[in-house]
Structures are given as C-alpha cells and as structure tokens.
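For the record, the sequence lines run as chains A and B. Using the numbering used here, the letters of the first sequence map in sequence onto residues 1 to 298. Using the numbering used here, the letters of the second sequence map in sequence onto residues 1 to 397.
These are calculated hints, taken from the structure and not from any lab test. Mixed in with the good hints, there may be bad ones.
[Stated by the list, open to error] 27 Å max Cα-Cα, derived DSS-like pairs, lysine-lysine:
#, chain 1, residue 1, chain 2, residue 2
1, A, K239, B, K49
2, A, K59, A, K10
3, B, K49, A, K39
4, B, K75, A, K234
5, B, K283, A, K234
6, A, K10, B, K82
7, A, K39, B, K82
8, B, K283, A, K287
9, A, K10, B, K57
10, A, K277, B, K82
11, B, K57, B, K75
12, B, K82, A, K205
13, B, K283, A, K239
14, A, K277, B, K49
15, A, K39, B, K75
16, A, K59, B, K57
17, B, K75, A, K205
18, A, K10, B, K255
[Unchecked claim] One side of the interface only, derived from the structure: several residues of chain A facing chain B at Cβ under 8 Å:
#, residue
19, S29
20, K39
21, E47
22, Y75
23, D140
24, R141
25, E144
26, R183
27, Y195
28, F203
29, V285
[Claimed, not checked] Short, incomplete list of chain B residues facing chain A, as computed with Cβ under 8 Å:
#, residue
30, F28
31, N32
32, F34
33, T46
34, V47
35, H50
36, Q165
37, R173
38, R180
39, L212
40, L214
Quantities reported herein were computed from a predicted structural model and do not represent experimental measurements. Cβ atoms here follow ideal geometry from the backbone N, Cα and C, with glycine treated the same way.
These are the residues of each chain, in order.
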Amino acid sequence: MSETPHTENKLVSNLQRDLFEAEYVADQSLSSTLLLMTKLQRPLLVEGDAGVGKTEIAKALSKSFDCPLIRLQCYEGLDVNSAVYEWNYQHQLLSIKIQEARDLPTSEKHIFSEEFLLKRPLLEAISLPRSPVLLIDEIDRADEAFEAFLLEVLSDFQISIPELGTITASSIPHVILTSNGTRELSDALRRRCLYYYVDYPDFDKELRIVRKRLPDINRQLSSQIVECIQSFRKLDLRKKPGIGETLDWAAALIQLNVENLSSDPELIMDTLVCVLKTRDDRNLVTKDVLEQLVMKAG
Amino acid sequence: MHLVNHKDTGHEELGNTLVSRILEFVRFVRENDFQIGVREELDALTVAKHCNITDQKRLHWGLRSLLCSNSDEWKRFDNLFKIYWLQPVKRTSHLLGSIPGGKLPFDTDPENSVDNQEIKEINSTQQDEQGDEPVGQGGTRSGASQHESQLKTDFRFLTDSQQMQRMEEMVERLARRMRRRLLRRYRNLQRGQRIDLRRTIRNSLSHGGIPLELVFKRRLRRLPKLVLLLDVSRSMSFYSYLFLRFARGIVGAFKDADAFIFHTHLVQVTDALHERNINIVTKRLAVLSAGWAGGTRIGECLQSFNQHYAKRILNSQSIVMIFSDGLDTGTPELFSEQLALIKRRAKKIVWLNPLLGRDGYEPTAQCMQAALPMLDLFASAHNVESLLALEPQLAKL
Chain A
1 MSETPHTENK
11 LVSNLQRDLF
21 EAEYVADQSL
31 SSTLLLMTKL
41 QRPLLVEGDA
51 GVGKTEIAKA
61 LSKSFDCPLI
71 RLQCYEGLDV
81 NSAVYEWNYQ
91 HQLLSIKIQE
101 ARDLPTSEKH
111 IFSEEFLLKR
121 PLLEAISLPR
131 SPVLLIDEID
141 RADEAFEAFL
151 LEVLSDFQIS
161 IPELGTITAS
171 SIPHVILTSN
181 GTRELSDALR
191 RRCLYYYVDY
201 PDFDKELRIV
211 RKRLPDINRQ
221 LSSQIVECIQ
231 SFRKLDLRKK
241 PGIGETLDWA
251 AALIQLNVEN
261 LSSDPELIMD
271 TLVCVLKTRD
281 DRNLVTKDVL
291 EQLVMKAG
Chain B
1 MHLVNHKDTG
11 HEELGNTLVS
21 RILEFVRFVR
31 ENDFQIGVRE
41 ELDALTVAKH
51 CNITDQKRLH
61 WGLRSLLCSN
71 SDEWKRFDNL
81 FKIYWLQPVK
91 RTSHLLGSIP
101 GGKLPFDTDP
111 ENSVDNQEIK
121 EINSTQQDEQ
131 GDEPVGQGGT
141 RSGASQHESQ
151 LKTDFRFLTD
161 SQQMQRMEEM
171 VERLARRMRR
181 RLLRRYRNLQ
191 RGQRIDLRRT
201 IRNSLSHGGI
211 PLELVFKRRL
221 RRLPKLVLLL
231 DVSRSMSFYS
241 YLFLRFARGI
251 VGAFKDADAF
261 IFHTHLVQVT
271 DALHERNINI
281 VTKRLAVLSA
291 GWAGGTRIGE
301 CLQSFNQHYA
311 KRILNSQSIV
321 MIFSDGLDTG
331 TPELFSEQLA
341 LIKRRAKKIV
351 WLNPLLGRDG
361 YEPTAQCMQA
371 ALPMLDLFAS
381 AHNVESLLAL
391 EPQLAKL
C-alpha cells in the first residue's frame, strides 16, 4: 500500500467531515466502512429499523463525492423492464413508419440501437463515465427472482442486452442497498455485500443531528426534544419514532415559536402528530405521560 | 494455513504471523455459526491491508462489515472480536508455540461480559490444533455434527434457555425460508415471459393496427394459502411455543396466511404474530389466552372456526395445518363432522402430531382415529428435521 497509516486515518476523518457537511452525522465506524466499500468496490448492505437514516447515507455520500445519485426503489413485482432497460417501442414503430414513407430501407440494426434504448437505473448506473452512487432501496420488497438477477449484475457489473450485446461498466458505481427485513434476503446476496447495521442514534448523536439540520433551534429546546424522543423509543410503542420524526417535531415546534416543552402542554400534545403515527401509540402517550417525560428531560 | 496459502495471495507485507492470526480469526468466527466461505478469508486479508492493521478500531469495523451478514451476527461480532484479539498475552504465546502441550488457562478467568459458550468454542479450537488432525477439518466436523444433533433433538428435551432461544430463531427462519423454496418450485414450472398476442392485437385497434402497447402474459402465482391451527393445551406445552414461532415465521413470509390457537376456545392470532417485537407478541398471546383451563375440546374449536372464519378464510387454494397431539376430551362425532366441513372447503388438510416422532406411538386416540382418513398428510413435527421435511411434502400437495 502506498498510503501510510496516517493518511489512511486522515481519509476516514475527511470523509466523516464531508458527510457532516452534506448534513449527515456519521459515526467513525460508518465512515470507515464506506471508505472500505469504495476501495474494495463491493456493495454495502445497510439494515436497521425504519427511520434510522439508511437512505440518507446514500444521499449524503453522493453529495460528498460530488457525483450523481441514482435510485432504484424496489417493490413487489419490480422487473427487468423497469430496473434495467426497455426498448422504446413507440419510438421504434414511428421510425419504421417514417422510413417506410420515405421509401428508405429499414435495418434492424438501426431500430435496436442505443437511440431507442430507455435506460433504467441499473443500466444508467454502469454506463456513466464517473462512478455514481447507486441506491437500491428496500431490496427486501423485490421478488426473489429480481434479487438473483441483481446479484449477477453486482458481481460482474455488466448487463447483456440480446439485441445490442453486453454492456460492461465504464465505471463501477458505489452501491448501497437498504433493507427493512420484511423478507429474508438470500445468503448469496448477503455474502456478496459488506454489511452495516444502523441503530437508533444515542442522545449526543441525535442532538448533533438536530442542531446540524435545524441550526436556528435553541439549545434547551433541542436537548429537551431529543431527550423526549429517546424516552419515547423506550416506551412500548408500535412504531418507534425515527430521526425523521424528531426533525419534523423540532421543525413544527420552531414554527409554533415554542421555547420550552414545559410551557404549554396542550399545544405540545397537539404537535405529537409528528411523532406518534398510530392510534394505539397516541392513546398510550397521554398528557400525564408526556408531562413526566418533559419533567425528566428538564 | 490449509485453505489459503498466503504466499500466493500477495499479502506478504502483512507478515506471516499476522496473516495466520487473521485467517484463524475468520475461522473462529465461522465456527460460531457465521456464514463465511473461503472467499472471505482472502477478503479479510484485503480488508486488513486497507484498514491499516495497527488501528484496532478500524480493523474491527472493517472485519465486522465483511464477516457479518445479518443483525444477529452484527450483535454477536463485537464479543467474538474481543475474545479473540483482546486477550493478547495468552493468544500470542500460544501462536508462538511456547505453551508446552498443556491446556490454555482460558476458562479459569472468563471476562464477565463474555459468553461462556463462545469461550468453549475457542477452547475446542485450541485443543484441535494441538492434536494431529488438520485444524480446519476437525473444526468443521465438530460443527457439523453439533448442528446435526440440534436438528434431531426432540423439542421436548430442550431445557437450557439459551438453546431454546436458538432453536426458536432457527424455527422461525426456517418458516420464512419455506416461502422462498416453495416459490422457486412454482417458478420453475412456469418460467418464461411471453407476449399475449391476442390482447396485443386487440389493443392495437386503437392505434390503427400498429401494436404500440405490448401485453405480456402474466405469470400465475399460485402459492398455497396456509391456515395454521395450533393446539396450546397443557399436553402440548413442550411444543406449543416453538410452533408459535414457526407460525410467526409463516405469517411473516406468506402474506395471506392465517394462524389460530386453540385449547378450550379458538382465537385468531395472525395480527398478534405480525408484531415485530417478540416480547410484545408473547405478552399479547398471554392476554388472548388468559383464563383458559380444562381439557382440550378440538371439536368445539373447529366448530367455532367453521362458524366464524372458514367462509372468509378458506378457499380452494388453502392448506389447513393442524398442530396437535389429538388428545381430546370432547366427542369424536362432533370433531369428525367439523373436520369434514373443513375438508370440503380447503384444498388439503395436514396434521402435524409431535407424538408421532416417539418410538412406539400409535395414533389410537379416538380423535386421531376419526381424523386419519380425512388427512392428506400426517407427519410428526417434533424436531427441526421433521419441520424441514415438511416443505417438499407441501410442494407436492
């Protein structure tokens, strides 16, 4: 290795700083893993509860690398046509008609040229001149068949189109896959990827996130909010509030010019719509519970 | 090293001792049930090279991302890393061969935070190494046989709570994977995507006969709809909790599956099982079944199933799976009448009786006698192996 340990460590802290500037507060371990991912050119599988900021990793990474972000949202029934490529049938037919009208010979080669190829995220990601960040979101929602196909693309970084031939990646994208665990992923895919598990942030980290994202917030309010959210997560809720909920709530409270959570309990109860998203949870957090939490938060 | 010869791998600069230490660590992790292949041994060296080996934190993070592949492994990894790398004196001296053939003093002062089980495994590795056998083979073999015996253990002999927890997780994962396997069977039968010519031409009418909109033939998806009826009476108490975990796996993997528990009453538990947190599931189930006492009345329970749920839930694709030992205090007439009703509505009935796995058991209980002619499959479900055997049977039905 040409890099000395010193520069290696510097790379990690640089990346961490860049991510922070892209409004993402990353642990050192995450930055280190991301750096490793770019070096080994392996995909990174990120797991964790909903709302811990899995998708944000990819967004922040693309910002800090200053490269495009290509996103493939998976869903049940996602197929090659909407993930890789599709021929532009209408355009092809139109072109044939025009050629016919002008009495020009139509050649098959012309019809199946790149001009008529609609690039979908996967194909687009491997045909860019510079490595983009490819985000494959909620891979667990796609079917097993698609997962198997994806595995092939991710190991060879080439896609074969019968009419055109094989397209090899001009640059290898930084691939981030996220999963919520609705379905067990195949071992083959898991082994192909590096793995990172994102947990809910601790108090300090979440506070840094809130202050980074909402610079105008006053110090007392922000630590009260984070303290409350942290205790909400310890309650027996059906849907634990994620970081998105924390930020929404904080933004709402700023809008309403709330300076202190203990000032107006009625109003605060109303703003809880930002945090508690099911009826059971609403019923669980009564005014008394909230007041206790706020008291604890100081 | 028997698997990877480090002279060929281009990792000379790491140094022999270090290479063997890392490879040994990978193997140690593998022996703790991580899914790791030979490829990861090579990758681990690359990671070590990139991560600047002298920086312990970064080596830790790098290897963690490489070797873990699910959240369970993620949580266990830190401990393993600590055991292996952070007891430097003992381990290093062992590698240099300075301990004269004796046992390592590992178990004398285990760290509080450290799992006893894992320590045991590290000890066994070390003993292997001191014998004549090649290390990896010995390790793999012992792992496999342990695994095998786990598969064959009758659930009722599980006494240790840790073992029980492992088994529960295994059973639930098994159920989730069942969907994948079943789906593959169906997929292979109907592979291929074809253009539906008839509908394409019909659609082309609006474009003056030019087939602008292509219509594809849809693949038919015919996964069976599973309905699980679990007996939770006292005679089933050794099994019912594991079956519940199995049911939870099934309900999680098959979107339209339904699960019920019965004893003296019948209750639908599909929603309760959908809850993610297993502790909440247990609590809810306890609430649902509170105050039940007395003998099992399978007949009445099936009747209430037929009255309240069958019409809505059962169709010609349904496979009804009953987990019960068939020990019943009700009348066999009512029971067989109700089972016949289910039989008429559903595609198949499967009865899983854990007693069937015991030597010398004959299904002589009145209730079982009445049921036998109506069953499409009568199998035991007393250990993991028998649950595994279930899946090809289901595919055949």
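To see whether the hints hold, each was checked on the structure:
1. A:K239 x B:K49: 42 Å, violated
2. A:K59 x A:K10: 22 Å, holds
3. B:K49 x A:K39: 11 Å, holds
4. B:K75 x A:K234: Within the cut-off at roughly 19 Å; holds.
5. B:K283 x A:K234: 17 Å, holds
6. A:K10 x B:K82: 25 Å, holds
7. A:K39 x B:K82: Satisfied, since the Cα-Cα distance of roughly 26 Å is no more than 27 Å.
8. B:K283 x A:K287: 25 Å, holds
9. A:K10 x B:K57: 14 Å, holds
10. A:K277 x B:K82: Answer violated: K277 (chain A) to K82 (chain B) is near 40 Å, above 27 Å.
11. B:K57 x B:K75: 16 Å, holds
12. B:K82 x A:K205: 25 Å, holds
13. B:K283 x A:K239: 17 Å, holds
14. A:K277 x B:K49: 46 Å, violated
15. A:K39 x B:K75: At roughly 25 Å apart (the allowed maximum being 27 Å), K75 (chain B) and K39 (chain A) satisfy the hint.
16. A:K59 x B:K57: 26 Å, holds
17. B:K75 x A:K205: With Cα atoms ~20 Å apart, K75 (chain B) and K205 (chain A) stay inside 27 Å; holds.
18. A:K10 x B:K255: Violated, at roughly 48 Å.
19. S29: Where the cut-off is 8 Å and the nearest Cβ of chain B is about 4 Å from S29 (chain A), the hint holds.
20. K39: This interface hint holds because 5 Å falls under the 8 Å limit.
21. E47: 6 Å, holds
22. Y75: 14 Å, violated
23. D140: The hint is violated - D140 (chain A) has no Cβ within 8 Å of chain B, the shortest such distance being about 11 Å.
24. R141: 12 Å, violated
25. E144: This hint holds: E144 (chain A) lies near chain B, its Cβ roughly 6 Å from the closest one there, short of 8 Å.
26. R183: 7 Å, holds
27. Y195: Holds, about 5 Å.
28. F203: 21 Å, violated
29. V285: 16 Å, violated
30. F28: Hint on F28 (chain B): violated, closest Cβ of chain A at ~18 Å, above 8 Å.
31. N32: At about 16 Å, which exceeds the 8 Å cut-off, the nearest Cβ of chain A leaves the hint on N32 (chain B) violated.
32. F34: With a closest approach of 10 Å, the F34 (chain B) hint is violated.
33. T46: At about 7 Å, which falls below the 8 Å cut-off, the nearest Cβ of chain A leaves the hint on T46 (chain B) intact, so it holds.
34. V47: 6 Å, holds
35. H50: 5 Å, holds
36. Q165: 18 Å, violated
37. R173: Check passed: Cβ of R173 (chain B) comes within 7 Å of chain A, closer than 8 Å.
38. R180: 6 Å, holds
39. L212: Holds, about 6 Å.
40. L214: Holds - the Cβ of L214 (chain B) comes within 8 Å of chain A, reaching about 6 Å at its closest.
In the structure shown, a violation is registered for the earlier hints numbered 1, 10, 14, 18, 22, 23, 24, 28, 29, 30, 31, 32 and 36, in ascending order.
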